[in-house]
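Trainee: Below, each chain spelled out in residue letters.
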Amino acid sequence: MAGPENTEQSAIREEHRRYWRTNLRILAVLLTIWFAVSCGLGIFFVESLNTIHFMGFPLGFWFAQQGAIYVFIVLILIYALLMDREDRQFHVEEGAQADDVEKDA
Amino acid sequence: MDPTKLWTFVIVGITFAMYIWIAVVTRARTTGGFYVAGHNVPAIFNGMATGADWMSAASFISMAGLISFMGYDGCVYLMGWTGGYVLLALLLAPYLRKFGKFTVPDFVGDRYYSNTARLVAVFCAIFVSFTYVAGQMRGVGVVFSRFLGVGVDYGVVIGTVIVFFYATLGGMKGITWTQVSQYVVLIFAFLIPAFAISHQLTGNPIPQIGFGSTLVEGPHAGETLLRALDQINTDLGLPEYTAAFVKGKKSMIDVFAIAFALMVGTAGLPHVIIRFYTVPTVRAARWSAFWALLFIGALYTTAPAVGAFARVNLIQTLHGQPYETRPEWVKKWEDTGLIVYKDTNGNGLIDGVVRSTETDPAKEMKVDVDIMVLANPEIAKLPPWVVALVAAGGLAAALSTAAGLLLVISSAISHDLMKRVVKPDMTDVEELFFARVAAGLAVIAAGLLGIFPPGFVGQVVAFAFGLAASSFFPVIVLGIFSKRTTKEGAIAGMLSGIGFTTAYIVYFKFIVDQQYNNADHWLLGISPEGIGTVGMLVNFAVTLGVTAFTPPPPQDVQETVEMIRYPREEQHPEKAAGI
Numbered sequence: 001m002a003g004p005e006n007t008e009q010s011a012i013r014e015e016h017r018r019y020w021r022t023n024l025r026i027l028a029v030l031l032t033i034w035f036a037v038s039c040g041l042g043i044f045f046v047e048s049l050n051t052i053h054f055m056g057f058p059l060g061f062w063f064a065q066q067g068a069i070y071v072f073i074v075l076i077l078i079y080a081l082l083m084d085r086e087d088r089q090f091h092v093e094e095g096a097q098a099d100d101v102e103k104d105a
Numbered sequence: 106m107d108p109t110k111l112w113t114f115v116i117v118g119i120t121f122a123m124y125i126w127i128a129v130v131t132r133a134r135t136t137g138g139f140y141v142a143g144h145n146v147p148a149i150f151n152g153m154a155t156g157a158d159w160m161s162a163a164s165f166i167s168m169a170g171l172i173s174f175m176g177y178d179g180c181v182y183l184m185g186w187t188g189g190y191v192l193l194a195l196l197l198a199p200y201l202r203k204f205g206k207f208t209v210p211d212f213v214g215d216r217y218y219s220n221t222a223r224l225v226a227v228f229c230a231i232f233v234s235f236t237y238v239a240g241q242m243r244g245v246g247v248v249f250s251r252f253l254g255v256g257v258d259y260g261v262v263i264g265t266v267i268v269f270f271y272a273t274l275g276g277m278k279g280i281t282w283t284q285v286s287q288y289v290v291l292i293f294a295f296l297i298p299a300f301a302i303s304h305q306l307t308g309n310p311i312p313q314i315g316f317g318s319t320l321v322e323g324p325h326a327g328e329t330l331l332r333a334l335d336q337i338n339t340d341l342g343l344p345e346y347t348a349a350f351v352k353g354k355k356s357m358i359d360v361f362a363i364a365f366a367l368m369v370g371t372a373g374l375p376h377v378i379i380r381f382y383t384v385p386t387v388r389a390a391r392w393s394a395f396w397a398l399l400f401i402g403a404l405y406t407t408a409p410a411v412g413a414f415a416r417v418n419l420i421q422t423l424h425g426q427p428y429e430t431r432p433e434w435v436k437k438w439e440d441t442g443l444i445v446y447k448d449t450n451g452n453g454l455i456d457g458v459v460r461s462t463e464t465d466p467a468k469e470m471k472v473d474v475d476i477m478v479l480a481n482p483e484i485a486k487l488p489p490w491v492v493a494l495v496a497a498g499g500l501a502a503a504l505s506t507a508a509g510l511l512l513v514i515s516s517a518i519s520h521d522l523m524k525r526v527v528k529p530d531m532t533d534v535e536e537l538f539f540a541r542v543a544a545g546l547a548v549i550a551a552g553l554l555g556i557f558p559p560g561f562v563g564q565v566v567a568f569a570f571g572l573a574a575s576s577f578f579p580v581i582v583l584g585i586f587s588k589r590t591t592k593e594g595a596i597a598g599m600l601s602g603i604g605f606t607t608a609y610i611v612y613f614k615f616i617v618d619q620q621y622n623n624a625d626h627w628l629l630g631i632s633p634e635g636i637g638t639v640g641m642l643v644n645f646a647v648t649l650g651v652t653a654f655t656p657p658p659p660q661d662v663q664e665t666v667e668m669i670r671y672p673r674e675e676q677h678p679e680k681a682a683g684i
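Residue numbers (this note's numbering), protein chains in the order written: chain A, 1 to 105; chain B, 106 to 684.
There could be a bad hint or two in this list.
Unchecked claim - Heads up, incomplete: computed chain A residues facing chain B, CB under 7 Å, no partners named: (1) W20; (2) L27; (3) F61; (4) I76; (5) Y79; (6) L82.
Claimed, not checked - A partial selection of chain B residues facing chain A, derived with a Cβ cut-off under 7 Å: (7) S318; (8) T329; (9) A349; (10) R391; (11) L398; (12) Y405; (13) Y671.
Claimed, not checked - Computed Cβ-Cβ distance ranges for the label pairs, DEER-style: (14) A:L24 <-> B:M357: 27 to 35 Å; (15) B:M123 <-> A:A28: 42 to 50 Å; (16) A:F54 <-> B:F654: 51 to 59 Å.
No lab work stands behind these hints: they were computed from the structure. This structure is a prediction, so every number in the text was calculated from the model and none was measured. Glycine included, C-beta positions come from ideal geometry on N, C-alpha and C.
Only chain B is shown next, with the shape it has when bound in the complex (with noise of 0.2 Å):
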């Protein structure tokens, strides 16, 4: 067995063991400890765990990719899904774990009164998280069938075995510790290669300085990274890498629309919401908001340099080189048809490479952004373990977001659904015991999304976000910051702020031709990833309107309201007993 797969091996297998170590020991036992970890994990490792969470396989396997072939338009996820955690700590998270509860159907139902918003909140926090989930399912597949040599449907079905293990016997509390674990492997895995291939490139370390720095060695040498990579790209015949606005990229109103759609559906995903209730207190949900996005950002900040580092190597080492001395890593890579080469012009060059999704046949070679990150220390030729390192951080990030998900998908069914709507007379005995078998039949149809991917994931991410921004984000916050918003107005906001968004998805992307798909024909130029924005000003505009013709909510909401804006629980003894 060659070193690489030896250590790959080794370093997954001890990752794995210890998951389930901290599983077993930390096992929940009601179903606050299920659902919220006891409300008893404090702010610092509620950072950690958050970070997990909420670094999916997408940040650390795909986005550093993508913003490679994006250049300033990969601005949008960086901003996008960093700036969301500024509203979730200021507008959201220290008044709903004021509220207390376990879960965001939970608030949206007592808040307005109402099981039917409750049962709209279930709907959409159900919809969201399997969109979500089965991606991560996936990019576990991906990682075990390039690093370990197994299909991907073994490898789904290993990591399918994981998370339902951990998931269900530990419940929030044991994916809660192996978050953290899962936080420190794969930021090591992300933050070593890129420590190496900075130093590697400009002779500075630090990814986020040697982003800025001049680059030592190649073609290039002595010349800025960026400026070589505008020139790289002017040479490509494509647009300056850090250019904003220009022919070839993305317009302004439609960057903005999709960066606010991105943040703003950040802070309305319930699988981060719901961390926020397992801190024991409204100050520590605050400073962990700090924590998780200064976690989030160690890799945030370096995902750009890693992209930009990634293009001038992949692009150097490739473009116009002969193909039969290409490096080994290739020949790897094409093997899981993720690089694909066809010598169109016949004369054994690698002519032009390019994102797997263009179709010119002019453009010789056709690369997946996934390996991007993947392949980048056998790039750099750095030594086995570290190539281990990346497959194990890989798969902490897909399996720790699909275990958060997972747990939304649970509580929704056994708490949301059985316990508060068709059954409250349930003991927590029983609600502890449907919540397990709901999570264990989530993790299986999670498991089955991996290996029987319908065609069209990649394309319904941006439905995730755009259905967190239209339906939780303008009730949730009204909610907390307008005790006259209405049960009538936050059901006709969410239905119309979800209608909207999924309409003009499903329109663009389902139903026209393609070929239509483009500005000329979007509403006011925004594509549909970013309609999110515009599907939350429909939902506040609505809530707000039929809020003005409709009763005002009950003394006792009203109540509730005005109790979770201050963080001393004593105030209001009696509510404070019901939590």
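Chain A on its own, in the form it takes in the complex (with noise of 0.2 Å):
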């Protein structure tokens, strides 16, 4: 892979790979929250959650019919977000060529 390829080319190689490891830490943390909300809070810990109560739900109870359904909701708009940032952070953006003509110019 490390032939004569000339620096232009390998700053973007190196910028892609930045950007997917990046990617890839977003991906991480955000299902470790979707599994942790919807497979532990409304399934594994639902019977000690729904000792407590909340706004009138047993909150185990709460979270497997309601809660998670919101959570999956706030989790893919903050990975939508930050997406849009890490795109433009690393210059994988769409639609966006004429400005970078005019950066580099």
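Hints given; two lone chains; assemble the complex.
Mentor: Right, dumping it as structure tokens:
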């Protein structure tokens, strides 16, 4: 792989590698929360959470039938926002060629 | 004619006219338009279309009723059918959109450089979609027969004609915009009665809050809704509504396995995945996943509240009351056979109100889960136009899902089979013709399945999710996140995943005596509904194992995988040009 590439190409490659690593980190964090809330709070720990009451709900039951869904929606929102930022930071966003040309000039 | 029926004719008529008008205006002229709406649908509208595509007759008509009889266990559907969108948004949608093209078998076939892999994918896509579509056409028939007084079979025929018209004419473009309008119809139809009933029972019109509020009338006035339900269940000799894993409910491992199989299966269903091919950019794919789950969540967070309200209403109105003075709506549903009463102890009272699947003769009234949503406005004595709106909503939910599924079937045949394997030199015009013919035949086949439902439709829905979980999800995820995964690995993985899942479901549903279909005989206590979770693990393990012993994929495939990881198009212009 490390052939006679010019520096511009290898800079892009390095940027891509960093973008992908950042992406994987974001995925790991968000999917951990996804699993912990749905399967953790909604299923594995539901019995002990049900001893706590919250706005008229046993808390575990609330997570299983309401809370998990709200968390899913928020997780995708955070993902979309974070990736918008990462795309720009690592210069892989779509439809921005014109901006780049200006900057490079 | 009674006002309810008149209103139903008017509202259903208006919505159907609207769907046809949209189809005519947006009809497709190219294969790109037919398969993926020209990659041209804005994120928020794709979110709505995905919502309608996803929420089927089962979500709209059956789910709240199911939950009302399951209590806590209903969470498998609520989390299972929403949590998959997180997987879809984070692991699949953006990359598949970048890959471009038209179908799921397109990705499997190209990424695994193999027509064998493509054909396995075609088979899975068609099987999963047909399983699913039969139930939709039946749902259309049920709504017609109850609300418009036409036979179930005529109802199926009318639904088939409508779908035939807009699916063959409009393709994905027509389907997308009708789905957007169908989402609007179905969400209003679901929420308006829910608001009214929440207000009646708890004084709070927001169902998600009313769910936790105090009842304002009836014998349980002053108690919270859920405490009253726990009490009602205890009085009936049933486990408490909110209790988990107690006797008479599912075990922890089974709840986990079912919820997980439904989540992964959702993310692997082709008719959901292809919706993300229709947006213009990778960024739009991520955002439309957000919009989709937001729009879906509006129904899914309301449904468990509706189920709880319906249960309180149903038991308080019927249990222990004299049969002779039963309300009018009970008589109407008795006519359709969805409520059955047998006075086994001869005292003239309704003793016990249970799901129609229960066989205990001492429980005298058997109620089909489907009526809980459909009868809700009548139980709550809402005006006739609300009843009519619910009928139109049920039809919108069933038709929109059917159309999305039929498109998967038609594109699997015309594009993946004909164009990519049998006759690669077809012109665009020829392929479009094949796509329309295939869509037409698929609609007719679906209609026939609706009129002559194979007895096992209910049994095989678990199949659709189990198969999607154990076939597509692992190979697509590995195809994106591991360049090294080989065609041998993917084919072996898909076949062993499907093979294992199919064998397990067929064994317990069709081969053994049903008395052995229980936790004592299941593998690790996992029911056939949840076995897709294990099938998925089998697929992952076999794919990775075989990959380790086979030569890595060709360089150009590895470059494609590299390419789909970055949103920007121009990094690999030679690849982009081919798409």
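Trainee: Going through the numbered hints above, which ones does this structure break? Give me the numbers in ascending order.
Mentor: 6
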